[in-house]
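*Asks:* Sequence:
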Amino acid sequence: MKNRFVSIFLWALLIVSTLGAEPSKLNFVFILVDDLGKQDMSCEGSTFYETPNIDALARSGMQFSNGYSTCQVCSPSRASIMLGTYPARNKITDWIGAATGKNWRRNDRVLPVDYVHVLPKEETTIAEAMRAGGYRTFFAGKWHLGGEGSFPEDHGFDINVGGHHRGGPPGGYFSPYNNPKMKNGPKGESLPIRLAKDTANFIEANKEQKFFAYLSFYSVHGPIQTTQPLWQKYQKKAAALGLTGSRFKFDRTKGVRQVQDNPIYAGMMESLDNAVGIVLKRLRDLDLDKNTVVIFTSDNGGVSSGDAFATSCLPFRGGKGRQWEGGIRQPYYIHVPNLTELGSTNSTPVTGADFYPTILELAGLSLKPHQHVDGVSLMPLLKGDRIADRDLFWHYPHYGNQGGEPSSVIRSGNFKLIYYHEDGRNELYDLTKDIGERADLAQSDQQKVKALRTKLDQWLKETGARIPAPDTRFNADLKQRQLENASEGQLQGLEKRAANYLKSTFVPNKDWWSSLVPKD
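In case it helps, the numbering used here puts the sequence shown at residues 1 to 520.
Incorrect hints may appear among the rest.
[To be verified] Result set (BS3-like, lysine-lysine): computed pairs, CA atoms no more than 30 Å apart in a straight line: (1) Lys237 with Lys496; (2) Lys25 with Lys290; (3) Lys121 with Lys102; (4) Lys233 with Lys249.
[Claimed, not checked] Restraint ranges, calculated between C-beta atoms of paired labels, are given here: (5) Arg106 with Ala240: 39 to 49 Å; (6) Gly413 with Pro315: 18 to 28 Å; (7) Gly413 with Glu484: 35 to 45 Å.
Think of the hints as simulated: they come from the structure by calculation, not from any bench. Remember, predicted model here, so these are calculated numbers, not experimental data. Glycine included, every Cβ here is placed at the ideal spot set by N, Cα and C.
Kindly generate the complete structure, drawing on both the sequences and the hints.
*Replies:* Written out as structure tokens, the structure reads:
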């Protein structure tokens with residue numbers, strides 16, 4: 001008890017000595033990247049992509065090696081950050097715009113459930129809580145949490161640049177953007193660089209007051225587009241590292257990329273990193289880095305399957321849209337000046353719902369436990385202490401465009417159980433011994449399965465989770481033939497397209513690097 005008292009006293013003394021008597025003087029920059037895989041940064045092990053600015057940010061604070069989004073697709077995980085609740089509870093369980101019920105036109109076993117299509121007005125977002133606490137609030141980039149009446153400015157943000165109902169950039173990654181919530185720049189202007197500059201300008205304009213800036217990049221969501229110089233740089237780098245003729249494998253429902261050598265995606269990663277660098281540099285130039293919290297994360301895993309098949313999430317299995325670690329484990333970095341130890345790593349499992357209470361406590365504002373009911377403040381971890389052990393949960397009663405299956409998940413300690421709503425089967429993995437989720441223990445450890453299923457079922461009931469019903473239109477024989485055809489024919493096409501990106505004769509779509517693009 002005495003040691004704990006001393007620890008609390010030293011923490012209070014640190015706040016007073018470094019930030020003055022008011023911890024609420026902290027500013028906040030929250031950086032959310034779209035479809036960024038945990039393994040897409042150099043600091044996480046990528047040898048192909050180059051991310052020096054993001055790496056420096058990660059080293060400047062605490063990296064959470066078991067950081068998770070609350071869903072394997074975007075809208076639900078974004079809602080969880082805004083609300084501090086799991087998708088099962090707030091009912092935004094799929095990307096907004098996905099078909100449900102009888103409108104689902106694929107031959108599948110169950111019908112995707114109905115879900116909420118807008119961020120609920122009656123709930124208090126983190127932006128509304130910060131604005132009520134005296135913060136100037138700013139949003140830039142991807143929103144995808146509702147349309148007219150449910151834009152960022154309707155949920156607590158004073159300024160909105162680029163946030164609307166679409167999940168991808170309507171005009172691509174170079175101006176003209178054709179975005180109803182932002183003005184076009186000069187022809188060929190880079191979208192991530194533009195969003196970063198607008199964020200940096202907001203920071204400078206509000207340097208004399210508290211601010212909460214939420215930079216939500218459209219990058220690195222499809223379409224994958226880069227400049228010709230960046231494509232050439234990474235085309236040569238891939239060749240120098242040694243090209244492979246086998247980049248994909250079929251995993252249950254779709255082909256999955258196993259190699260990071262896409263030169264277009266690598267160019268997008270460099271542009272993203274340069275954009276992050278613009279914001280961090282402006283903080284340093286204004287001497288605001290000494291009292292600004294910077295948070296960096298992704299809304300779901302990298303796109304290893306479906307969409308552009310752009311990156312590999314190995315050693316994690318799967319990627320965006322899928323129920324395995326590649327779909328839900330994320331880069332999760334928090335920098336708090338004079339608090340987080342440089343280059344520190346924490347292995348405590350944490351989730352997207354935790355950002356809300358953590359930000360409030362760092363800001364010196366009252367917590368809202370009835371709002372962020374599924375999140376906990378990570379302040380003890382940031383101070384080098386512990387939080388109480390807890391289970392983490394996921395519920396995705398839909399089919400992912402990337403091959404994901406309707407499922408519910410619990411992580412309890414080192415074990416992860418996946419329950420599949422199509423046929424009631426379970427998968428059980430020990431993540432400390434099997435990070436790639438290849439050794440299913442469900443048959444050999446039925447006692448653990450039973451214990452975790454009891455916890456998971458209780459949580460589904462407590463949150464009022466919507467459960468998918470069987471689709472009477474389902475044809476099992478046809479489904480088997482469809483999977484067989486996909487496994488035989490899909491990989492060849494994927495390999496051919498990926499190899500084409502690396503040819504010196506590759507010709508891109510004429511609507512992107514055809515114009516003179518300013519250097520990032």
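*Asks:* Now, for every hint given, state plainly whether the structure supports it.
*Replies:* Against the structure, the hints:
no.: 1; hint: Lys237 with Lys496; result: holds, 19 Å
no.: 2; hint: Lys25 with Lys290; result: holds, 11 Å
no.: 3; hint: Lys121 with Lys102; result: holds, 28 Å
no.: 4; hint: Lys233 with Lys249; result: holds, 27 Å
no.: 5; hint: Arg106 with Ala240: 39 to 49 Å; result: holds, 42 Å
no.: 6; hint: Gly413 with Pro315: 18 to 28 Å; result: holds, 20 Å
no.: 7; hint: Gly413 with Glu484: 35 to 45 Å; result: holds, 38 Å
Hint compliance for this structure: every hint is met.
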